[in-house]
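> Following the hints, position chain C against chain D.
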Amino acid sequence: MRYPNCARAFTAAVSLTIVLSVSAGPSLAQAPDGAQAQAALQALVAQAKKEPDAINGSMTRVLLSTPDLIKQATKMFNQEFGLNKTFNIVEGTDNTFTAQMRASLDMDARPKLSFYTTNASDMQMFISGGYIPQVKDWQLLLAAINPRVQSGEVKPTDISRASFGGYAFAHSNRLKGVGYNTSLASPKDLPQTYAEIADPKYKGQYAIEPWTSHWDALAYNYYPDRLDKFLEIMNAIGKNSYWVAQSHQLIPRMAQGEFKFMTLNAEVIADYISKNPGAPLGYYFMNDMTLLETTMMFVPKQAPSSATGTLWVMFLTRPDVQALRWDDAPNVMYGEKPSDKEMKAKLDGKNVWDWQMNPSTTDYWKWLNSKDAETFRSQRLKAIKQQR
Amino acid sequence: MAEQAIELNGGLPEFLRALRQRTGEVLAKPYLVPLVIGGIPLILVVLLSLFVFYTTFVPRLPTKPEWTLANWALLADPHLWTVVMPNTLIVGFGAVAVTLFFAGPMAWLLVRTTIPFKNTLLTCVALVMVIPPFVKSMGWVLLLNERIGILNRLIVSIFPIDSFPVSTNNVWGIAWVMGLTLMPTTFFLIAGPMRQMDPAMEEAASICGASKLKTFLYVGMPLVWPAVVAAGIFTFMTAISLFEVPAIIVGLGGSTPVLATEMFFAVYGGDSGTTIRYGAAGVYAMLMMVPCLIGLYFYFKVIGKAHRYRVVTGKGYRPRDIDIGWWKWPGLIFIGLFLLFAAVLPLLWLVWISVASFRLPSIDALQHLNFGFYSWNYILTAFGGWPTIRNTIVLVVAVCIVAIFLSVMISWVVVRTKLRIRRVMDAASILPHAIPGLAFAFALFILALTTEVWTGLSIVGTMALLVVANVLSHLSYTTRVTNAALIQVHNELEEASRTCGATPLKSIFFILIPLIRPALVFVTIWVALRTFRELTMALFLTGTDNKVMAVQVWLAWNEGGLAQAAAGAVVMTIGCAILLFLGFVVTKGGVLKRATGN
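Residue numbers (the numbering used here), protein chains in the order written: chain D, 1 to 388; chain C, 1001 to 1598.
Hints were generated in silico from the structure; no laboratory data involved. Take these hints with a grain of salt, some might be off.
Unchecked claim - The calculated DSBU-like cross-link candidates involving lysine-lysine, where the alpha carbons are at most 35 angstroms apart (straight line), are: (1) D:Lys-301 to C:Lys-1064; (2) D:Lys-50 to D:Lys-71; (3) C:Lys-1064 to D:Lys-382.
To be verified - Residues from chain D that face chain C, not an exhaustive set, calculated with beta carbons under 7 angstroms: (4) Pro-52; (5) Asn-56; (6) Val-90; (7) Glu-91; (8) Ala-103; (9) Pro-210; (10) Val-244; (11) Glu-258; (12) Lys-385.
Claimed, not checked - Where chain C lies over chain D, by a calculated footprint (3+ residues, C-beta under 8 angstroms): (13) 96-102; (14) 106-114; (15) 247-255; (16) 273-279.
In this text, all values refer to a predicted model and were calculated from it rather than measured experimentally. Just so you know, even glycine gets a beta-carbon here, dropped at the ideal spot from N, CA and C.
Here chain C stands alone, though its shape is the one from the complex:
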């Protein structure tokens, strides 16, 4: 046989023999499978981004052969650069400051220390994500609005002043609420890598006489620096693109314009009809990409020195909780304050509004409470019935599995290889975050339509299209987490498994993934919750067969049913809490133990 093969090879022309040899070499490369699997969604992302860019040169729908630069004329308005951008930067950096202020210490307390009730508190942090941003915003309006804020009115009635100087009706108010809203995202980004830190380093610092705070600041934080930078970029970009919070806190008007509210006018308000200007959305997407790409430059510089952050090695790695003694009490108070601001107060407001409607809290209002929106039939109808609930579950599960799998593949190429394309892949994976959901969904719709025209395969209006949309848009976040987690794991462990004969995929699945499990569990929770409440794309891509619960709740709110939407949001929050606790009970703490790595 061998002789026959040699003879066969010998019979081939030189170039074919070289090609065969080269193909064999490439196929033997460990990066091939992750590169191909991770590359496919990123090609899709690049195509969609290019399409969004193309729409910026088209007057109306990008399906007509027309050209214009009118969309780009938006950038010539001095108002944009002198008022809108400064406000937007305050909101972006302010939100990053608020999220890091809470997320850094809380991640350390909850995943690295012996603080009590950590599983309950972790569940509460996860639940903060379920409460829709509009609820948090309305809650803070009710608390601190200069005219109807309960706290303001209380203080004015007690003290001899005409108005309470603290109000949410300004750019700082937006940054504060935005920070509280986005904190869980930052928390989950940091918590996984923080859990994986080797306590030996902290112990060494402690032996050298460093205090716990100094150890945290000078040893702990620098080790999770890539995750912190990634979280900062991600939070900044989310903060500057989120529409609901500024729309409710300061309105759409010119008193405090930000990029997201200006985009609303550019996209919806330009004409007298109801036509959406997708091109204008595209221009804003490009504007949002600029800070993203600048941030990415610094991020690449950080992960360029990835070896500095490798703390999980094959030698003596032993994650362990730190006993913080009586410091647990200030720690609990700190976490409690965050939960009060981000969850308890908005939830109380949510419950109140769902039973008291427009009435402000008072003795008289207590006599008009109406629990009608909590009847089973009403709730089921509000959520669109069982098919909608089933669709939501299918969507959440499918998106979690696919997004996490693809992220690991992409991150493996980005972090583990020296391929030139790895930086392109990393940049491509964060692109969807810069593109407004509406423009992204429209681009995906056109791509699906093109597929249908060319192949006859119809995926418009199906669950598959919603899954693809969510997976692609979440890649920007999930790859930040998996990048940060992979950076911390030394590749000597995989090399050892490959030396023992394991294939690259086997090494990833059986060596790498178990090692970064805490980060993966965190990011799965995050993806599940984000998918559960994702609205913009679901609203655009919705059809008769792929309705999801978030759309139903939004429709109730959008059509004036604030109390109904509030009741729906309360039930959604309670439902998620029950699911998380059930998962905890059924697995005897397994879900959160895995998340915390205990």
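Next comes chain D alone, as it looks inside the complex:
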């Protein structure tokens, strides 16, 4: 079994990872015209002033974790734009809110919220489905709102990647890594590549999450023309695993010593340690690749108070607002918090990688979610869930 895109250049993915600013430091871009940017911003603010003061939106708890942080961000927002808004944040699972949004628009009803939050991997589907309009003059607006964009230190496309530029804006990242019990093992005793997990010597020592994201990146990067080989590895990983469950359930059990390590979003370990000081847990990134998933915010079509929503999602990219984030929501792309820097240091020399980086990865992503890949998807899922 092989991925059918012959034009795909395997080496391109590896070399392109260098392009990411993660380990290369901030990129310098040409600063947009200041006057034009201010004019675009003033027009948006004027529109926002006409909208109701109470704004509803969805954010995962990790972004602005407490009502106090939301109040602080709101105060800064109102001062910055001369507005008097209050933000009611709905907490819950992203996919239920976005499903509601899509259903509302499909049925010609208006979405209930002014802005939404979800994974970057969903963006292509939302954009091609016509659920999200592109923000007019988005690069100018970002430059007027975010001083680091204005100075050219951060490119607008760092915040709103090329494949969905102007549709959605990055807030923070999730990085796929390995969590481990520091009392039971050290990283040198543990696998350094995803394929090594299949080694029988690790049998019964690790847990995996039910999600497929770690493994999809492995398939694309190393086995695009040998998907059978990839499935063989996945079967071994699934069969040798001690447990399959969500990381939030398993981290306390890993801390208690039930097993040595597990694949997860690295920030959840940082979060757990911050809430439970002294927990014998650590995390590291694999040598072969580290998948970066960006958490995006966007304003859907026909959203209530769309101007205020647009201002808000762009405002949240500013460094001073980014500094309000808790440590469990790193922004390794352009964040400057100590936790961002710590994570960047751990990523030094690693192969950081994401699905939105180039047309080849995007094509693979589309194929993976197509009808053609149905059998592959099903086999991959069976492997993960240890179906024997």
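Chain C only, in chain D's frame:
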């Protein structure tokens, strides 16, 4: 006037006169009002069920004109029939066995005998429901897990063995924890009807020389058979659909797959994005409905002979407690064991984890205890502040009132009439229990959205939608209780009231409801507690103005805050205990006395 009316009638065409006469006859029927009131929510239930069925033929969201049979392809996997279904059946029947093992004797002891501390013990049984299933599961993992279970490690350290052979990491472990979790539900289903049994029958058995056990087995139990069958069906269906317990006890992996964990993969894991496959949830709903409908067939056969179970009559009915003498001590030990397994151990674990976090019990761990999560500000924030607490109270009260009222209406039609539609109504009322909460909530969301598009009336994100969702989903349980209770009340009492000129509704409110009050009080407590902790639908239908406490606690747990969630759950449990005891004190025992019929 009379002449004028006759003349008027005489002037009408024949068909109109017939129609008028027929309408008059129908309006005079005693079943009309209960039929209409009970029918409305059931029409809604049928519509939602049909919608869920429709989603099974749609690839993604059911708002796009696309068709597929891919969701049904799930059924073609032999793994489903050779591994998943057998495991699921063990869990379902195992849970029923565990719940009946505890609930039958305990209901009898607590509502029919003179056993001491019955009000306190009843409160404790109610509190078992407040402890979230994930807490009970984690508690048993900590006790009996093959690697970190305290009991296992203790035994291995004492005896010369490598591992303790008893572990929860298997399908029997799931059934055991599931049974303990669902026992209060079964208890409340059985306790009400059991309370209403006429002791004269037991006394007759006793006079004929039957022992107390024989009397219980051969006289008591057969009389509450409809309630036991209903409880069995309900417990079975809950057990096969509950996700949290197997997910924690055996994980989501293939070592011990059950229907609920397989559904998780089908709904969330099929694609690489975060899209939910509602159609897959619908297929599993259909799978779960099959055993439900088979069970219902037998249930209908039982209630088809309803007259056999009528023990509350107008002649000489006198509920009375039975003195069990020294048997009260074994009885207390039996109840104590259940409370130890289902409440004390999980609660101790809950308290421990909320102050010690990840640390296993040890002398060293005692030096690191942290009570920070019990500060008032923290707790208030964890619960989402006063608006969330207010919303929760409004939700619980509204759902209790509406669900109980509708259940009485539905059950009256099902049990008291010979209408053909009564069986359809009974089957429809149990449907929501077969449909996974996620699919049900999504269907309700679409219905609300359609209402908004057609009428402009927006109820998405409001408390009203949460109330409707909870009422409809609880009907499957509440109607089981009210059916069982109504079966036991002879209709001669209502007939007498109607003969004296009371309207059908008056008869229901002033004759019937007081007679089935014990069952209603039990079911109200159950509905209140279930609504209080209902999560799946609340999570989907939550908006800015209808947040409830259960969602807040779940969010804390879901985002890695096990200790915070544990502290929240401890406070919720204590809060419920205080409310129940306050109710007891304020009414001078009225709440529980009514429940027990004393």
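> Could you tell me which of the hints above the structure violates, numbers in ascending order?
Checked against the structure, the only hint that fails is number 4, while the rest are satisfied.
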